[in-house]
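My request is simple: use the sequences and hints to build the entire structure.
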Amino acid sequence: MSYIPISDKDKKEMLERIGISSVEELFCCIPENIRLKKLLDLPGPLSEPDLREYFEQRGQKNSYNRYLSFLGGGAYNHFIPAVVDYLSSRGEFVSPYTPYQPEVSQGTLQVIFEFQTLICQLTGLDIANASLYDGATGAAEAVLMANRVKSKRRLLVASNLNPQYRQVIYTYTKNLGLEVVEIPYDQAGRIDLKGLEATLNSETSVLLCQSPNYFGVIEDLKTLADLTHEHQALLAVVISEPVSLAWLEAPGKLGADIVTGEAQSFGLPLSYGGPYLGFMACKKEFVRQLPGRIAGQTVDAEGKRGFVLTLSTREQHIRREKATSNICTNQAHCALRATIYLETLGKQGLRKLAWLNLQKAAYALERLTSIPGVKRKFSGPVFNEFVLEFPDDWEKISQKLEEKGILGGLALGSDYPGLKKCALITVTEIHTREKIDTYVQALGEVLR
Amino acid sequence: MINVIREPLIFEISSPGKTAVRLPELDIPEKKDLLSDVPLRENIEGFPEVSETEITRHFTRLSQMNYCVDFGFYPLGSCTMKYNPKVNEKIAGMECFTSGHPLSPEKLVQGNLELMKTLEKLLCEITGMDAVTLQPAAGAHGELTGMMLIRAYHEAHGNPRKYVLIPDSAHGTNPSSAHICGYTVKEIKSNERGTISLEDLAKEMTEEVAALMVTNPNTLGVFESDICEIAAIVHDQGGFVYMDGANLNALAGITRPGEMKVDVLHLNLHKTFSTPHGGGGPGSGPVAVKKILEPYLPVPIIEEKDGRYHLNYNRPQSIGRVKSFYGQFLVMLKALAYILALGPQGLKEMTEVAVLNSNYLRKSLEGIYHLKYDSPTLHECVFSDKFQKDFGVSNLDISKRLLDYGLHPPTMSFPLIVHGALMIEPTETESRRDLDLFIEAMKAIDREARENLELLRTAPHITYVRRLDEVQAARNPILRWEKKD
Numbered sequence: 043m044s045y046i047p048i049s050d051k052d053k054k055e056m057l058e059r060i061g062i063s064s065v066e067e068l069f070c071c072i073p074e075n076i077r078l079k080k081l082l083d084l085p086g087p088l089s090e091p092d093l094r095e096y097f098e099q100r101g102q103k104n105s106y107n108r109y110l111s112f113l114g115g116g117a118y119n120h121f122i123p124a125v126v127d128y129l130s131s132r133g134e135f136v137s138p139y140t141p142y143q144p145e146v147s148q149g150t151l152q153v154i155f156e157f158q159t160l161i162c163q164l165t166g167l168d169i170a171n172a173s174l175y176d177g178a179t180g181a182a183e184a185v186l187m188a189n190r191v192k193s194k195r196r197l198l199v200a201s202n203l204n205p206q207y208r209q210v211i212y213t214y215t216k217n218l219g220l221e222v223v224e225i226p227y228d229q230a231g232r233i234d235l236k237g238l239e240a241t242l243n244s245e246t247s248v249l250l251c252q253s254p255n256y257f258g259v260i261e262d263l264k265t266l267a268d269l270t271h272e273h274q275a276l277l278a279v280v281i282s283e284p285v286s287l288a289w290l291e292a293p294g295k296l297g298a299d300i301v302t303g304e305a306q307s308f309g310l311p312l313s314y315g316g317p318y319l320g321f322m323a324c325k326k327e328f329v330r331q332l333p334g335r336i337a338g339q340t341v342d343a344e345g346k347r348g349f350v351l352t353l354s355t356r357e358q359h360i361r362r363e364k365a366t367s368n369i370c371t372n373q374a375h376c377a378l379r380a381t382i383y384l385e386t387l388g389k390q391g392l393r394k395l396a397w398l399n400l401q402k403a404a405y406a407l408e409r410l411t412s413i414p415g416v417k418r419k420f421s422g423p424v425f426n427e428f429v430l431e432f433p434d435d436w437e438k439i440s441q442k443l444e445e446k447g448i449l450g451g452l453a454l455g456s457d458y459p460g461l462k463k464c465a466l467i468t469v470t471e472i473h474t475r476e477k478i479d480t481y482v483q484a485l486g487e488v489l490r
Numbered sequence: 004m005i006n007v008i009r010e011p012l013i014f015e016i017s018s019p020g021k022t023a024v025r026l027p028e029l030d031i032p033e034k035k036d037l038l039s040d041v042p043l044r045e046n047i048e049g050f051p052e053v054s055e056t057e058i059t060r061h062f063t064r065l066s067q068m069n070y071c072v073d074f075g076f077y078p079l080g081s082c083t084m085k086y087n088p089k090v091n092e093k094i095a096g097m098e099c100f101t102s103g104h105p106l107s108p109e110k111l112v113q114g115n116l117e118l119m120k121t122l123e124k125l126l127c128e129i130t131g132m133d134a135v136t137l138q139p140a141a142g143a144h145g146e147l148t149g150m151m152l153i154r155a156y157h158e159a160h161g162n163p164r165k166y167v168l169i170p171d172s173a174h175g176t177n178p179s180s181a182h183i184c185g186y187t188v189k190e191i192k193s194n195e196r197g198t199i200s201l202e203d204l205a206k207e208m209t210e211e212v213a214a215l216m217v218t219n220p221n222t223l224g225v226f227e228s229d230i231c232e233i234a235a236i237v238h239d240q241g242g243f244v245y246m247d248g249a250n251l252n253a254l255a256g257i258t259r260p261g262e263m264k265v266d267v268l269h270l271n272l273h274k275t276f277s278t279p280h281g282g283g284g285p286g287s288g289p290v291a292v293k294k295i296l297e298p299y300l301p302v303p304i305i306e307e308k309d310g311r312y313h314l315n316y317n318r319p320q321s322i323g324r325v326k327s328f329y330g331q332f333l334v335m336l337k338a339l340a341y342i343l344a345l346g347p348q349g350l351k352e353m354t355e356v357a358v359l360n361s362n363y364l365r366k367s368l369e370g371i372y373h374l375k376y377d378s379p380t381l382h383e384c385v386f387s388d389k390f391q392k393d394f395g396v397s398n399l400d401i402s403k404r405l406l407d408y409g410l411h412p413p414t415m416s417f418p419l420i421v422h423g424a425l426m427i428e429p430t431e432t433e434s435r436r437d438l439d440l441f442i443e444a445m446k447a448i449d450r451e452a453r454e455n456l457e458l459l460r461t462a463p464h465i466t467y468v469r470r471l472d473e474v475q476a477a478r479n480p481i482l483r484w485e486k487k488d
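Heads up: the protein sequence lines correspond to chains A and B, in order.
Following the working numbering, the numbering of the first sequence begins with 43 at its first residue and continues without gaps.
Following the working numbering, the numbering of the second sequence begins with 4 at its first residue and continues without gaps.
Keep in mind the hints are simulated off the structure, nothing from the lab.
This one's a predicted model, so the numbers in the text were calculated from it and none came from an experiment.
A hint or two may mislead.
[Claimed, not checked] Cβ-to-Cβ under 10 Å is the rule here; a few derived chain A residues that face chain B:
#1 Ser130
#2 Ala178
#3 Leu186
[As the list claims (entries may be wrong)] Computed footprint of chain B on chain A, listed as stretches where at least three residues anywhere in the stretch have a Cβ under 8 Å from a Cβ of chain B:
#4 67-75
#5 248-259
[Said to hold, decoys possible] Listing some non-contacts, in silico: residues in chain B with all C-beta distances to chain A over 10 Å:
#6 Asn162
#7 Lys192
#8 Thr209
#9 Glu306
#10 His313
#11 Leu333
#12 Gly370
#13 Ile371
#14 Lys375
#15 Phe394
#16 His422
#17 Glu433
#18 Ala444
#19 Ala447
#20 Arg453
For each residue, glycine too, the CB sits at the ideal point set by N, CA and C.
Set out below in structure tokens:
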């Protein structure tokens, strides 16, 4: 297969028009000594049925589908309405380019405008961009943005921020001479306020924290905002489980200056880690420092409403090395899925979804901690994830649960050496009472 | 497409109490006092409420306002807007791939790891490089990752160096990526052929230069024939050659960056390897390196031993992570499916026909549109509006008029060295009929420029909206819907 609609007859006539006798001649500008002398050593060509069989066979080597999973920690298993797959797979959404020609891209542009609005409504902030790659790069972009706003070289990052997000922040900042300081957590699993106060100073540009944080604990954002603002620093909040935004007070209303995060929960399947969907919102005074594409409303030559990509003087194709970010292609189709998802659930649906997550996690937490030897690790309030402590190393317990067909939770020991006996457990609306009870029973048997 | 229906914003058709999906009821006893000490919201102010019919019509109508590859020719230069094979979507949508949690135990994800490792190997073969990371999310992200690898190497050898050299014909992401990696950009002027001058390069290339970023063929579609000499000049001063692989559709199966002495390059799976652009992503920007840079690749790397696959995080010299998890997994599957469907002969033919189509367009339009550089071109060519400017017509007018012919315009925003650029890349997936439609439209527009200036100045005429006021959008930004009082 080659997906080429040019026949041999076409080729011949086209070569004639060009005035050459073979396709070879078109490559004469490539020096002979670097030309390939033989075909590449690649498998294929495969027919369409063989191609599908090839992937079927590899797919069967994945066995996660046979397990009852309570894994979360930045990637969440939520129900996706059929309408999301159906509408998002339309060729008119799948196969356009970035909407540089707005007159023939109003579909994509209006979707981005609606997406930006939904993100603003959820975060309680004024402005949102069209998307970023994922939550981790969103967190890195947020600290770089805060650094541009404040021109101070010190960045505070919560130690209970998703470890992968912290790693990406280090990768991004280490070449720029920025100092990253980690703030410890307390017994509630929240940012240690004393530690924070001791670290905040006039050289600090931002505190970046996550809520609910990597331990599932909801941070006291109001207090964090007051403290950082006292030191003229910004508060940037990372959201990795955005379903929580439907139930908890919007971070923007509690004083957050920037909210960024991962919106995979909104209609994107787990997909072994990608593609996912980064988002970012901020107060309007920072709009010129916001990275990424932004759609805006305008009018056409007849005065009709239309949408365009705007404020592009922030971007690399205009500003080159002075751009706010190098981002070009982002996650537009993922943002489309999220938009369809959010508008399908709507106000009441998203609220109910959040409530189901909250209730189910509370039920699971209560049942699991009723097993002798299983304790709640942190006392802070949680949404749909929580950390439990077990009488033995989690790796061992996890193994035994796996033998019973259960992925019981994420190990924390490799990122937090003090938490080897702990696991992060995630419960969403997909976990029926029966599934939670199955887990409780299995864990009881394992620990007996 | 019926242009008479104006589709409002979803917020404007919302009415209280509606939802488009039925969620399950709570199957456990409700707890009343949860989160009593946490600030909660009562409502999501302004959030839409619509039925399933309304959702379906809303997005179906919006979709019909979009131009797309499934509909027609998309000659955007440097964007490689080729047809997206449908079987690839089917494969990437298989539940065995979409349902896996990224932190599942390794033994449960052996199929995924095998497929990723296979793609890495095939990309190594296609590029002639030694190792690949699939982690970067898009082309620009790959550029940044590549520059970080270079910086990590230099730092490990005592001096990160200060400068990165970039030709003035480069895409804007190149200087931006170098800057975010902590480097100062020095621009290299193109010569009269539109390529890098060896003399200028030799002058600028010092021991304080970390790397040269080169696009080959460059954004004019011109192959840097001196690439090996260019690489030698850079290497002599201890620098690296970074290649922007955006234009690999001109090379695959014919030559390889590895042979050109390139040290590191990124690939755009959403260009050369046919994965759909999605209206602006997700893309995927794997980075391929020579052995010398391999120790610095992002973690984790995928290793194979006795048919078992393993994620290795223990890489002391690694630059760290550039993204969550392992990259845009489903996009990788589509690219792999594409390579396997083509095979080595098909991949070569892909390149040959892409270059043939481009040269056919160039020959057909030469003389009608101005070609600033007459060097031979590969997969794309860059005309300008110089001839039509005499009649007061700009590349913007030409582009907008093309929309009336049911065609997407070429790239206009770069290369910056061609004023009024019309950068055309047809790819191999256009039929002769579609190429000829474009040629005829371009010729007709040239005639219109002489005969009916106003028609061009006010184009487009038959699109869903007329020419949009981008100045007003930037001057008075309205970036979200807000409820009117």
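Which numbered hints are broken by the structure, listed smallest first? The structure conflicts with hints 5, 11 and 17, although it agrees with all the remaining ones.
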